[in-house]
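A.B. asks: Residue strings, one per chain:
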Amino acid sequence: MISRFIEYIQSYLTSDQTPGAAGNMFWAFVYIILIFTGLSVAVIAMNWLERKILAHMQVRLGPMRVGPHGLLQPIADAIKLLLKEDIMPAEADGFVFWMAPLIVVLAAFTVFIVVPFGPTHAVTDMNIGILFMLGVSSLSVLGIVMAGWASNSHYPLIGALRSSAQMVSYEVAMGLAVVSVILMTSLETGTGTLSMIGIVRAQQTQGTWFIFKFFPLGLIAFFIFAVSMVAETNRAPFDLPEAESELTAGFHTEYSGFRWSLFFLAEYSAMIAVSSIAVTLWLGGWLRPFPNLLSGSTWTLVFSLFPGITLLLLAAMCFYSTVRMPKHPYFRIQTIGLGGFGAVLALIGLILFIPQVSLRVGDIYWFSMKVAAFMYLYIWYRGTFPRYRFDQLMKVGWKILLPMGLGILILTATVAMRSEIWKAISEALHRS
Amino acid sequence: MTPVATPFFFYLLAGIMVIGGILVITRKNAVHSALALIVTLLAQAAVYLMLYAPFVAGVQIILYAGGIMVLFLFVIMLVSIERTVKERQFNKQWLVGIAAALALGGLFIAVYTKGKGIFPTHEMSGGEAQNTQIVGNLLYGQYMFPFEIASLLLLVAIIGAVVMAKRRL
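Sequence lines, in order, name chains F and C. This note's numbering applies: residue 1167 is where the first sequence begins, and numbers increase by one. This note's numbering applies: residue 2 is where the second sequence begins, and numbers increase by one.
Simulated from the structure, these hints should not be mistaken for laboratory data. Since we're looking at a predicted model, the values are computed, not measured. Misleading hints may appear alongside valid ones.
To be verified - Pairs of lysine-lysine, PhoX-like flavour, derived with a Cα cap of 20 angstroms:
#1 Lys1565/F <-> Lys167/C
#2 Lys29/C <-> Lys93/C
#3 Lys1561/F <-> Lys167/C
#4 Lys87/C <-> Lys29/C
I would like the entire structure built from these sequences, with the hints used as guidance.
C.D. replies: What follows is the structure, given as structure tokens:
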């Protein structure tokens, strides 16, 4: 019995497919747990980074009290949220009020089963991957409208209506940008694909990231997606559903404690999800930079050093801050803690230099780095752009992005089929 | 991948769909009806997945999530929930209702007893892995004309909506 189970576990190790495609339940479950944990840690880190980076952009210090440089602030926040009283308004629709945050969280986390962190590092590879991601993430607007309606209060209702109008309009432009990429996947092989892994493989075989394909068509499609993904996740400068100056906190005004933290979790994991769509579709997914130009074993070795170097840099930053900590005895525990954190980071960095390890985590590293760049962009937008007015938002969505998306789609199709079109024209001329 | 516990999942999904459908027509609050409707439609998408039609399932989720959203907004904006909760829900058209139910039931029984030939007996070859490509080839090959007619109808509907909503163009 046990030996058969071990055999079942080991049978996947030689496979070159995702656990879902290979039909191995055990490894699929392991991947789900890993992705869930990683995502939660990423959301915690993102919380701290956002406050810190925003603060530095505005020449403030940001959180400094809990732990060295406020490193433990997210944990303190989480404890505060869990201990807070969970209030439900007396006139609220109980069941819908209870369901709304669950739907938002489920929609935000379910999409990650098709996100390809590497050629085999995804829970499963669906034939309809990108369609599944867009569809399930569009379910989250349902949760937002439910939350706004069930609160039985004015500000949440207005926030929810704004959110639904915004998400429904920007989904159209987003879909058109995605379709132009799906056209590109069919170029050299003849059959296109909607599978997330298939899209990255298509970029690999065509030897270019789709952002540079048919320059500048791919770039413009990417730009359309990059704008509408900010609107889809209700982030600044499109954060009208939760505009503090007008609507208190928008659709989650009446939520508190744990339920509110579910909305928070869902918002950040939705940001990571749409960023990973953008990375997969336009930025080559798990592929390292310049796989063709800088090929060969030397360059492979150089690029495989990157994960370790990144962690060693972080460790060096930790040690530098440890040295600079105030020497007063009051800060002794914090100094020791920061030094210990740096030591752990350095140890992980050294482990990543082992060739067997660095070869296996390389694709996960490049994917995460590309997503992290998008996360930084999100914070940067929030720090620099003023909020749009609602009519301006609708104008950008319907009158600028949608026509641009349609034009890009037609142009991409035309350029992709140019040889066939030339042939048809020349034949017609020949005949006449 | 070979399917696991097919009858169990089929009866589970069918049960969810039937209960959801009953809730849609019996809830007095129209928002609850809309929510029950989306549960029904999602269960239906899962049944499409069981029939090796992932593309249809994905399209079902995308279209109906947006569709129910709009329905939701209509309910919020047009229906006064305080009034509808007090109103009587069924209009006592028992005769017509029984006739329609009998006709539908008769159809089901006829299909169940005599319809063996119209159902496929085995899975389509390459159906799951190539589903999207097969649907695309069919739509733009064999069924090109009906497909284009449908898109033309939708275009007419869009133009009609714009003309009706905006008096001054």
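A.B. asks: If a hint holds in the structure, say so; if it doesn't, say that too.
C.D. replies: To see whether the hints hold, each was checked on the structure:
Among the hinted pairs, Lys1565/F with Lys167/C is consistent with the structure: their alpha-carbon atoms are about 16 angstroms apart, no more than 20 angstroms. Only pairs whose Cα atoms come within 20 angstroms are accepted, and Lys29/C paired with Lys93/C is accepted, the gap being roughly 16 angstroms. Of the supplied pair hints, the one linking Lys1561/F and Lys167/C holds, its CA atoms being roughly 16 angstroms apart against a limit of 20 angstroms. Our distance criterion of 20 angstroms between C-alpha atoms is met by Lys87/C and Lys29/C, whose separation comes to about 8 angstroms.
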